[in-house]
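The residues making up each chain are set out below.
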Amino acid sequence: MPAVEETLDTVRDATQGAYKWGFETDIEMEFAPKGLNESIVRFISAKKGEPEWLLDWRLRAFEAWKGMEEPRWPSVTYPPIDYQDAYYYAAPKEKAKPKSLDEVDPELLKTYAKLGIPLREQAILAGVEGAGQVPAEGGRMPVAVDAVFDSVSVATTYRERLEKDGIIFCPISEAVHKHPELVKRYLGSVVPHTDNFFAALNSAVFTDGSFVYIPKGVRCPMELSTYFRINAKSTGQFERTLIIADEGSTVSYLEGCTAPQRDENQLHAAVVELVALDDASIKYSTVQNWYPGDENGVGGIYNFVTKRAACRGKRSKVSWTQVETGSAITWKYPSCILQGEESVGEFYSVAITNNHQQADTGTKMIHLGKNTRSTIVSKGISAGKGQNTYRGLVRISPKAANARNFTQCDSLLIGDLCGAHTVPYIENRCMSAKTEHEATTSRIAEDQLFYCRQRGLSQEDAVGLIVNGFCREVLKELPMEFAVEAQKLLQISLEGSVG
Amino acid sequence: MNIDLPQGNAAAFLHRYDGLAERLPGASIPTVRALRDAAAETLRAGGLPNRRVEAWRYTDLSPMLRAEFREALTAVDRAVPLPPARVERRAVFVDGRFREDLSSLDGLVAASLAEVIATVAGRLNTVASASQPMVTLNTLLFEDGLVLEVPEGVDAGRLELLSVASGETASTVHPRHLVRLGRGARLVLVETALSSSGARHLHNPVFEIEVAQDAKLTHVRVQREAANAYHLAHLGVRVEEGGTYDGFVLNAGGRISRSETHLALLGPRAAAHLNGAQLVADGQLADTTTALDHTAPNCASRQTVKTVLAGRSRGVFQGKILVRREAQKTDGYQMNQALLLSEEAEIDSKPQLEIYADDVKCSHGATAGALDADSLFYLRARGIPADVARSILVRAFLQEAVEVVEDEPAREALEEAVAGWWDQHGKAA
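Chains as they are written, first to last, in our numbering: chain R, 9 to 507; chain S, 2 to 430.
Since the hints were derived computationally from the structure, they do not count as laboratory data. Keep in mind that a hint or two might mislead.
[To be verified] Result set (DSBU-like, lysine-lysine): computed pairs, CA atoms no more than 35 Å apart in a straight line:
{"id": "1", "chain 1": "S", "residue 1": "Lys217", "chain 2": "R", "residue 2": "Lys378"}
{"id": "2", "chain 1": "S", "residue 1": "Lys362", "chain 2": "R", "residue 2": "Lys172"}
{"id": "3", "chain 1": "R", "residue 1": "Lys484", "chain 2": "S", "residue 2": "Lys217"}
{"id": "4", "chain 1": "S", "residue 1": "Lys362", "chain 2": "R", "residue 2": "Lys372"}
{"id": "5", "chain 1": "S", "residue 1": "Lys330", "chain 2": "R", "residue 2": "Lys484"}
{"id": "6", "chain 1": "R", "residue 1": "Lys393", "chain 2": "S", "residue 2": "Lys321"}
{"id": "7", "chain 1": "S", "residue 1": "Lys217", "chain 2": "S", "residue 2": "Lys362"}
{"id": "8", "chain 1": "R", "residue 1": "Lys372", "chain 2": "S", "residue 2": "Lys217"}
{"id": "9", "chain 1": "S", "residue 1": "Lys330", "chain 2": "R", "residue 2": "Lys372"}
{"id": "10", "chain 1": "R", "residue 1": "Lys291", "chain 2": "S", "residue 2": "Lys217"}
{"id": "11", "chain 1": "S", "residue 1": "Lys330", "chain 2": "R", "residue 2": "Lys496"}
{"id": "12", "chain 1": "R", "residue 1": "Lys192", "chain 2": "R", "residue 2": "Lys393"}
{"id": "13", "chain 1": "R", "residue 1": "Lys372", "chain 2": "R", "residue 2": "Lys407"}
{"id": "14", "chain 1": "S", "residue 1": "Lys321", "chain 2": "R", "residue 2": "Lys407"}
{"id": "15", "chain 1": "S", "residue 1": "Lys321", "chain 2": "R", "residue 2": "Lys291"}
{"id": "16", "chain 1": "R", "residue 1": "Lys291", "chain 2": "R", "residue 2": "Lys322"}
{"id": "17", "chain 1": "S", "residue 1": "Lys362", "chain 2": "R", "residue 2": "Lys496"}
{"id": "18", "chain 1": "S", "residue 1": "Lys362", "chain 2": "R", "residue 2": "Lys442"}
{"id": "19", "chain 1": "R", "residue 1": "Lys186", "chain 2": "R", "residue 2": "Lys42"}
{"id": "20", "chain 1": "R", "residue 1": "Lys224", "chain 2": "R", "residue 2": "Lys291"}
{"id": "21", "chain 1": "R", "residue 1": "Lys224", "chain 2": "R", "residue 2": "Lys172"}
{"id": "22", "chain 1": "R", "residue 1": "Lys484", "chain 2": "S", "residue 2": "Lys321"}
{"id": "23", "chain 1": "R", "residue 1": "Lys55", "chain 2": "R", "residue 2": "Lys42"}
{"id": "24", "chain 1": "R", "residue 1": "Lys378", "chain 2": "S", "residue 2": "Lys321"}
{"id": "25", "chain 1": "R", "residue 1": "Lys322", "chain 2": "R", "residue 2": "Lys393"}
[Said to hold, decoys possible] Covered stretches of chain R (in silico footprint by chain S; criterion: 3 or more residues with CB under 8 Å from a CB of chain S, positions within the stretch not fixed):
{"id": "26", "stretch": "418 to 427"}
{"id": "27", "stretch": "432 to 439"}
{"id": "28", "stretch": "447 to 461"}
[What the hints assert, rightly or not] Beta-carbon label-pair distances, calculated as ranges:
{"id": "29", "chain 1": "S", "residue 1": "Asp19", "chain 2": "R", "residue 2": "Pro41", "range": "57 to 67 Å"}
{"id": "30", "chain 1": "S", "residue 1": "Ser29", "chain 2": "R", "residue 2": "Arg80", "range": "38 to 48 Å"}
{"id": "31", "chain 1": "S", "residue 1": "Ser132", "chain 2": "R", "residue 2": "Glu78", "range": "17 to 27 Å"}
All residues carry an ideal CB built from backbone N, CA and C; glycine is no exception.
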């Protein structure tokens, strides 16, 4: 299976050292002036040729944001962010469509190559005419990719193939024009524009992101994927993803991200909204590998993300899987609102903090419907001077008869300068519901290490092996290519933390 | 729900202080006066906590703050019916004042705070933190309390501490108890809080407890106050090297009851047990909040808290375990379980681990749910009537919590309270 091999190769290449995605692509960019004000919001909206209602919505969000305060409750510390000292719009300059790979801006190509995107997809992403017509390679369905470069979606692959099944997979800016009824109906319906400080900011200035609609009864034939890349200096990235799985449909969606290595902190404030109707199922996997800053804690991405799923339909299901290895600071709580009867929410997470990284992450499971079920498995690994917090909420409303929750949070500490924290909130207002929560904190056992070392493994490999075992329950939820990448990433992220 | 109480929500207490300041014990002692004035300032500026304050997000004090309490200093010589003595010695407080005529403290180094305040003024707010709202309120208005000293190497046996609210009108009492165990000393302190009249009252006791090296304090609190009482207790505890604080709190009365323990393990091999049970009937809220601070290596902490909820009631458990960098080889375990007997009951639980040391073993668990249908069926299938089967299962659930108390008279006091509660509230649920 060439696609897999290629991915394995690129992963192998990419994993020979520390942060390999820290390069910067020198490409002609178009910026809006620095700062955040109403005219920037209007500028972004105009740039996208947005309809009046969306501009109004953005302006309402901006108005609300001005009156909001940055959340201070997470266990993370960082200097105040100057929201006026960043670009809110940066996009690669558009040129005429290239005829072949040779004509593509070599810088852009280099970027894709370094990111480990297979050649054919590189061609498609670069917008080469005629690329992407052949759907399958080696009998295996490829992965459809939407690449988001700073503020804009640069390309989306395999769209024709997907359109055959009636699946819409395109940049959200395009969906606003082509499918306004869907966007208008669902945008902000899960994460309202006033939801929280960063969601409001995103609603005001979001520039692009992916839009997915899976029609009734359709099982999406391939994995859908969005690749996020922050490239330009002093920019914030604010993308917005909206996925709607109509009745009886199924989709698996992957998200990856990287950023150049810089000594400044950059802000990433995304919003992801998922809607699952009756019998629909959405699997959302993230391998988050934003630049984490150097070993002294200089630079790195502030990853302040709002992700929420509405299981509106009966028997609908949403599964979040996340591997968080990057970012200087991670603040995200992918959540499920379990509204439909018998709906299911799942959250599988591995969060790793090394050097000076800080992560405050977890989930919320809000049980509203009868017979709703949720599972939370969180694995936190702290090394170096990293601080790792699991923060979660399980709320069972009085009407959620027979609801069921199981939560497991395990923390692993490597070294005596890091911290691991667990802050679960469990609110049960329904007699017939059952909630179970367990959490443990420990370090790598000496006897496990000894056993591995005795069999000739180096200290670092032994730790890698044990850490992978510790995370196995979560990693096995990832699609195969991602699982391989994630395992490697875990090992790289821990480099220098042992021995 | 009244979330946004004005900052002036402590106005009634401050007004009371303004009227009493000159007559409260220690009024002429500058350090005491300074503490009280600082407390007044804190309350004036920030008020008592509302639900926006993280530590109070589940316990809404506004019903208490809306209630009216009388303003005069508490009376001291009313005759009150007392339950029979459980152990040979007891210290009796009626409406917050020490009653020497009803107490027997043979052989103990114990006194009324009001009488000895000059000698212990320097110890006030050294174990309990003035930054805690219930300590602040107590500091403002405390009138009396038990000052108890167990000298080095002495096994002082058992002491019962009985607090009775007997007032005919709504009253507030804020006793401050100072308990100190010297090196290697031992004491079993069994505390019972009761209401003998039906009048509304606020009981706001603060304990400052010091357990010296290798000493052991067993501290069992049985709170069975009236259904219209407010019980807001704060326990500050410090345990030195090799010492043990073995605590159990039963919350079984009061419209709003909260027992908050802040315990620090200060030396190697110190140990803490913060067990408890909450029995919450219709119209009540019971809250067990604990903060355990591991500051030294090789310490152990154990915590099991069980909550049974009947009628329209609410149970709260907040348990934080902090393990500092120096506290290597910490062994921490915490479990909280809730049993919901009614469709209108709610349990909110927030176990919390904050860990900065790597060579530790810490875990917590939390469960909530109804009586297990399989267990009920098992008993019914053997011919046991439904209500008896329920009673067996609920009491077995609570027995697991209570049986960890080793001291027999203390455990009996708990078992009696559990049985009494079940007869009164549980059967109907």
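Hint check:
1. For the given pair, Lys217 of chain S sits about 49 Å from Lys378 of chain R by alpha-carbon distance, which is inconsistent with the 35 Å threshold.
2. Using a Cα cut-off of 35 Å, the hinted pair Lys362 of chain S and Lys172 of chain R is violated, with the two alpha carbons roughly 55 Å apart.
3. A C-alpha spacing of about 49 Å is found between Lys484 of chain R and Lys217 of chain S, which places the hinted pair above 35 Å, so the restraint is violated.
4. Restraint check for Lys362 of chain S and Lys372 of chain R: the C-alpha separation of about 27 Å stays at or below 35 Å, so the hint holds.
5. Among the hinted pairs, Lys330 of chain S with Lys484 of chain R is consistent with the structure: their alpha-carbon atoms are about 32 Å apart, no more than 35 Å.
6. For the given pair, Lys393 of chain R sits about 22 Å from Lys321 of chain S by alpha-carbon distance, which is consistent with the 35 Å threshold.
7. At most 35 Å may separate the alpha-carbon atoms for a hinted pair to count; Lys217 of chain S and Lys362 of chain S meet this at roughly 24 Å.
8. Simply put, Lys372 of chain R and Lys217 of chain S have alpha-carbon atoms about 42 Å apart, too far for the 35 Å limit, and the pair is violated.
9. The hinted pair formed by Lys330 of chain S and Lys372 of chain R meets the criterion: a straight-line CA distance of about 32 Å does not exceed 35 Å.
10. Simply put, Lys291 of chain R and Lys217 of chain S have alpha-carbon atoms about 54 Å apart, too far for the 35 Å limit, and the pair is violated.
11. In summary, the hint linking Lys330 of chain S to Lys496 of chain R is supported, as the alpha carbons are separated by about 31 Å, within the 35 Å threshold.
12. Between the alpha carbons of Lys192 of chain R and Lys393 of chain R the distance comes to roughly 45 Å, so the proposed pair goes past 35 Å and is violated.
13. Between the alpha carbons of Lys372 of chain R and Lys407 of chain R the distance comes to roughly 18 Å, so the proposed pair stays at or under 35 Å and holds.
14. Among the hinted pairs, Lys321 of chain S with Lys407 of chain R is consistent with the structure: their alpha-carbon atoms are about 30 Å apart, no more than 35 Å.
15. Our distance criterion of 35 Å between C-alpha atoms is met by Lys321 of chain S and Lys291 of chain R, whose separation comes to about 34 Å.
16. Restraint check: the Cα-Cα separation between Lys291 of chain R and Lys322 of chain R comes to about 17 Å, which is no more than 35 Å; the hinted pair holds.
17. As the CA atoms of Lys362 of chain S and Lys496 of chain R are separated by approximately 28 Å, the hinted pair is consistent with the 35 Å bound.
18. Proximity of Lys362 of chain S to Lys442 of chain R is assessed by CA-CA distance (about 27 Å); at most 35 Å being required, the pair is judged to hold.
19. Using a Cα cut-off of 35 Å, the hinted pair Lys186 of chain R and Lys42 of chain R holds, with the two alpha carbons roughly 30 Å apart.
20. Under the criterion of a C-alpha separation no larger than 35 Å, the hint pairing Lys224 of chain R with Lys291 of chain R is consistent with the structure, at around 17 Å.
21. With a CA separation close to 14 Å, the supplied pair Lys224 of chain R and Lys172 of chain R stays within the 35 Å bound.
22. For the hint linking Lys484 of chain R to Lys321 of chain S, the alpha-carbon distance of about 32 Å falls within 35 Å, and the restraint holds.
23. Restraint check for Lys55 of chain R and Lys42 of chain R: satisfied, since their Cα atoms lie roughly 16 Å apart, inside the 35 Å limit.
24. Annotation: proposed proximity of Lys378 of chain R to Lys321 of chain S holds, straight-line Cα distance about 32 Å (limit 35 Å).
25. With a C-alpha separation of about 45 Å, the suggested pairing of Lys322 of chain R with Lys393 of chain R is violated against the 35 Å cut-off.
26. Only residues whose C-beta sits within less than 8 Å of a C-beta in chain S count toward coverage, and the stretch 418 to 427 of chain R has 8 of them, enough to reach three; the restraint holds.
27. Coverage of a stretch by a chain is defined here by at least three residues with a beta carbon nearer than 8 Å to that chain's beta carbons; for the stretch 432 to 439 of chain R and chain S the count is 8, and the condition holds.
28. Residues of the stretch 447 to 461 of chain R lying with their CB closer than 8 Å to a CB of chain S number 5, which satisfies the three-residue condition for coverage.
29. For Asp19 of chain S and Pro41 of chain R, the Cβ-Cβ distance of about 58 Å falls inside the hinted range of 57 to 67 Å, so the restraint holds.
30. For the pair Ser29 of chain S and Arg80 of chain R, the supplied restraint of 38 to 48 Å holds, since their beta-carbon distance comes to about 43 Å.
31. Judged by the Cβ atoms, the range 17 to 27 Å given for Ser132 of chain S and Glu78 of chain R holds: they are separated by roughly 25 Å.
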